[in-house]
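4 protein chains.
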Amino acid sequence: MNTFGNIFRLTSFGESHGEAIGGVIDGCPSGIPVDKLFIQNELNRRKPGQSPLATPRREADEVEFLSGIYEGKTTGTPVGFIVKNTNAHALDYDNLRDVFRPSHADYTYQKKYGIRDHRGGGRSSARETIARVVAGAFAKLVLRKSDIEIVAYTSQVGTVCLDKSYTELDLSRIESSPVRCPDPEKAQQMIDLIETVKAEGDTVGGVVSCVCRGVPAGLGEPVFGKLHAALGNAMLSINAVKGFEYGMGFEGVRYKGSEMNDAFYLKQDGKTGTKTNHSGGIQGGISNGEDIYFRVAFKPVATIFKVQQTVDKEGNEILLKVHGRHDPCVLSRAVPVVEAMAAMVILDYCLLTNIYPQTSGSHPQQTV
Amino acid sequence: MNTFGNIFRLTSFGESHGEAIGGVIDGCPSGIPVDKLFIQNELNRRKPGQSPLATPRREADEVEFLSGIYEGKTTGTPVGFIVKNTNAHALDYDNLRDVFRPSHADYTYQKKYGIRDHRGGGRSSARETIARVVAGAFAKLVLRKSDIEIVAYTSQVGTVCLDKSYTELDLSRIESSPVRCPDPEKAQQMIDLIETVKAEGDTVGGVVSCVCRGVPAGLGEPVFGKLHAALGNAMLSINAVKGFEYGMGFEGVRYKGSEMNDAFYLKQDGKTGTKTNHSGGIQGGISNGEDIYFRVAFKPVATIFKVQQTVDKEGNEILLKVHGRHDPCVLSRAVPVVEAMAAMVILDYCLLTNIYPQTSGSHPQQTV
Amino acid sequence: MNTFGNIFRLTSFGESHGEAIGGVIDGCPSGIPVDKLFIQNELNRRKPGQSPLATPRREADEVEFLSGIYEGKTTGTPVGFIVKNTNAHALDYDNLRDVFRPSHADYTYQKKYGIRDHRGGGRSSARETIARVVAGAFAKLVLRKSDIEIVAYTSQVGTVCLDKSYTELDLSRIESSPVRCPDPEKAQQMIDLIETVKAEGDTVGGVVSCVCRGVPAGLGEPVFGKLHAALGNAMLSINAVKGFEYGMGFEGVRYKGSEMNDAFYLKQDGKTGTKTNHSGGIQGGISNGEDIYFRVAFKPVATIFKVQQTVDKEGNEILLKVHGRHDPCVLSRAVPVVEAMAAMVILDYCLLTNIYPQTSGSHPQQTV
Amino acid sequence: MNTFGNIFRLTSFGESHGEAIGGVIDGCPSGIPVDKLFIQNELNRRKPGQSPLATPRREADEVEFLSGIYEGKTTGTPVGFIVKNTNAHALDYDNLRDVFRPSHADYTYQKKYGIRDHRGGGRSSARETIARVVAGAFAKLVLRKSDIEIVAYTSQVGTVCLDKSYTELDLSRIESSPVRCPDPEKAQQMIDLIETVKAEGDTVGGVVSCVCRGVPAGLGEPVFGKLHAALGNAMLSINAVKGFEYGMGFEGVRYKGSEMNDAFYLKQDGKTGTKTNHSGGIQGGISNGEDIYFRVAFKPVATIFKVQQTVDKEGNEILLKVHGRHDPCVLSRAVPVVEAMAAMVILDYCLLTNIYPQTSGSHPQQTV
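Chains as they are written, first to last, in this note's numbering: chain A, 1 to 368; chain B, 369 to 736; chain C, 737 to 1104; chain D, 1105 to 1472.
Do not rely on the hints blindly, as some may be mistaken.
Covered stretches of chain C (in silico footprint by chain B; criterion: 3 or more residues with CB under 8 Å from a CB of chain B, positions within the stretch not fixed) [what the hints assert, rightly or not]:
1) 741 to 750
2) 754 to 768
3) 812 to 822
4) 848 to 860
Computed, partial: chain A to chain D, Cβ under 8 Å [to be verified]:
5) 11
6) 73
7) 116
8) 184
9) 351
Quick caveat, the hints were computed from the structure, so don't treat them as lab data.
Remember, predicted model here, so these are calculated numbers, not experimental data.
Heads up, the beta-carbon is just placed ideally off N, CA and C, and yes, glycines get one too.
Kindly produce the complete structure, drawing on both the sequences and the hints.
Below you can see the structure in the form of structure tokens.
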């Protein structure tokens, strides 16, 4: 259950304060040039310490590849990789050895396994998402060849919420914003809010929106492998995610069928399109060629610097005040993780559906 | 991709106007008394024609079991079952043979497969959920032995929305309401709204809420098999679902960590509990022993009786007016489907985690 | 665990004396004309009562399709099918209700499940292979389009063993032989042996050999999904199979590397081939374009009509003499089952490797 | 397809001359003391350079653990591990860059992927089995708690074949034999044969026999997950394996049912046993509590030091003479690999069947 995907698969391992975080990417098509700068840049987007808004933990987060690449290209065999943990302050966690932090996974791990690595949350730490970002970067490198593009951004932090859809925003502004919000005014309000809650020793949640452009029609299995169900499953596997909706989502239930249906028409190129896209690019679980878009809800970070009531392993009620290095808001760092998971799902479904154009000259598909 | 689950698995088949809908339930524990009245009653809850609010299509929806049951008990071998389609009006669909109904799966099936059974939506028809309800009924029969109970209800229809949480409602009133809403006043408003949109030839969406009680702590795999991701995947596989959230969901992103964290305390029985349950019974992907609750968004039914613009298979723009028998609102019939999927997930995870207490006297677990 | 395959998948159900044997075929490409005569003929090859050498149980073994086919072609949605059990003599088995027949699955089912349908062996009956033959027939229909052909035959019965390889035999003679052995002289010896053991109330085992021609190079996953491992797993899943070998198999261990290596050379058409084929068409787990061939060992049927010592469910030692209708030798009926499993594996790996040429005009592969 | 297992799973990666061989073990029960000396010793049994009979390539083959272990015990989270490649002589292979060695995987990798790491066979090298031995060592550590023991030995090298079954041999002598054959006289004949073929620049194959003792009754899924099919699939996934048989295997087809059936009787402890064990401990795909035994055929090593005819990537026929460091016979080093794969299968099926006794005090199974 540490493996994700059907054909393009990531198996991940690693704890926050162990030797390394790493993973194995299986099923990546062969012959893909491995753009290591791009991959490292994706990791840097997720890295802590990017701005005063994020945790000051500083990690190089440099990825080392151990297999699956030869003379700069993927070989089709599994890509093993590791990212070493270098800035682990395990002592920060010594007082948490026997304590269950509220709304963390401490208690449930203890119940499930009877043992846990408490340092930095162990396996439940968001450092695990490093492996996802690496695998997602490979998926993006493959999807690029088919002009499939995946872009995510912060659309809500606490009560500050974008009032425009992705079609009304300038998505090229995402990366220049410290909160990865493309609306400069809202972005500033989000920053202000994060600084306020940080000063209070508190945290705040938010929403990441994501759009996948250029996805061909026909991706998705109609019953238990619906494309949006795979995307939802992927997003809900990210730490702190509490909800997923695509197309008009929860908002759409307020409307009537006549308002929500997407009328088909003929586009100028003679292909079939829809006039509106309330469906979010997926109908009956299968992509229809329109943009796929969805929203992912992140709860506020559970680690706060206020006194909280809790219980320890021996069953004593105690008061807890946590120290250490933590984000007041993870949204900006969650953006590349959402993109990575989306890229993995879209590529996996391309491969499942035999849609991806093969790369290598002597691949049997060409010769049969 | 017509198979759902890991240990407890349903493989389903069947089209709306084919011979039969059916499925194979694999991995059901042996020795479970098969309460056929209960199973049929679950099917009846999903059946069309229950009230003037639903489609007048009348189907007996009687399930026939073909295997896996001996002298009234499950044997541990797969349970094959079918429900015959008796009231199919295929002729109603003749004019739809080459037409793509807006916001249906007609177009995407055609793109994916190059061929489709257009009658009643074929495989994309909600009649497919029959198989889920049968398998869910088996799951409920097993879970009953562990006092795990799963209850769903309609919490929103269009703009009519319950303002109480499940702890404030009398859930015993669900089944007596034609819309399966436990708040009589809101239920009446929902009924009024459905009748209005029906008269307009229109449809309306809504939200089903679900609560799972008695689920033990320790269910769920921490990374890619999080319990809530499995539930989300299950719900998003149901026809017309556009969103899933658990615990405080999207609403929770507005709050601070100090407001959302669930403080641990010792319950009267000495066990660890949480004072609040904003987490929705799951922390770090693993159940914590509190109630699990979640919400599922259903879009308005795509079949409306108004003129719509669309395109046919040959690429002509046309005007379409649909006839036939359709629900103006599927929420009441969706309730048992949500419960069925939740029951399958919870049982599957019990079996994955070795939590389910074995039933049969000579099972090897006892003798080893 | 009643599901076989990765992309092309069979889920089977049914007991010997239950209502029906059946299955669900998932992942079959769309647009395949369903040649029902061919499918029924495959079932007839497996059917009991074909000759005096086989069990006199007479079953029509007529397959009914319930879904996944529209206007004579596959639609890409799952094909549900059933074959009713019409000639079940359950009373024959009444004295076996609490008895464990030697070398049958009675004891192990009882230990595993604590309950079992004893009639005719229940789920462990070879009637379960009906579902495999149906699914295999679909796989053959698809493979035909790529000129891939799979042929099996009886190469050994008891001590009577063919001394020629498949390249030295006239495989067109297989079906005209009651034991499905293409060497007329050996076939007669086999028949004589079967009649002798039948007269003694005894049974005898044998070997089925199989060759797959026209399989393109490149099928198979190199580590845990080796093509021959998939074939071996498939064959070992057939009732009564005790061994699998491919290429030179166990015999090959006696030779030196210099004797066993297959030298590469250029064929007349300029393609690379091997001068010998000791490898059996698979190198490093991946097909190399040469014929794939393998052998499958079947133990003698466990049901004999001699007095045997055994134990009953209550733990008493007893003497058992079985009555009923049973084959003295299953080899001829095993031939189509071996072919069916091989066809399913080869097609599944074609689809996994994106080798199968898509059939339908508007399939997205063509348009992307 | 670089992942093996259902609940206890190994995902492996790495090439012969890449940075490292490694893997991820998922699903290992928590609370297991990690006996690193034992694990390293298992690796040493597989290591090259153990005796003059094996390749002189010298590798430390020291395993480094990166995750999943805390304070000396497994935590239930995935165990990432690597073994660095330190003694790689990549230059030895420069002349093989564009050449297809006969009966190696060079040609098929090239056809499948269109690119390959030719150094030392890349991913197709038997160095990949390192990951299996590490994972198998973990499985053995878990199985030990249930007194399940797995022992393999060399039973044939070329034409030198043991004439005794495992019950007639002193299995404690296996490890003191350079060929891991417990019969001293035959062992010496095997050594003599290996030295002869080595002197000729040739190689020789053989058979590994394996016995699993203490396996409880009830393991195995009756149709497509038969225990022996899982074992066969595991063994056929090992490099150079050409055949698998269990119980009486191919030899058993020569006998009659009355000779092969295993009569049940009551053992002195009152439990049911079988007088003979021709079945090999598995009936109907499910373990019956008797010893499980099977045999695995290994072809002669394909790398020989004689001139061979072959073809290069550009399609020229050439003569090839290989240099480098290679085993004349892999049988002794294959023994721990066979054991490792068997241990992984048996543990996986224990976990699938809920048979393994949980280890940790607060595991939910105890509290529910």
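Could you tell me which of the hints above the structure violates, numbers in ascending order? 8 and 9
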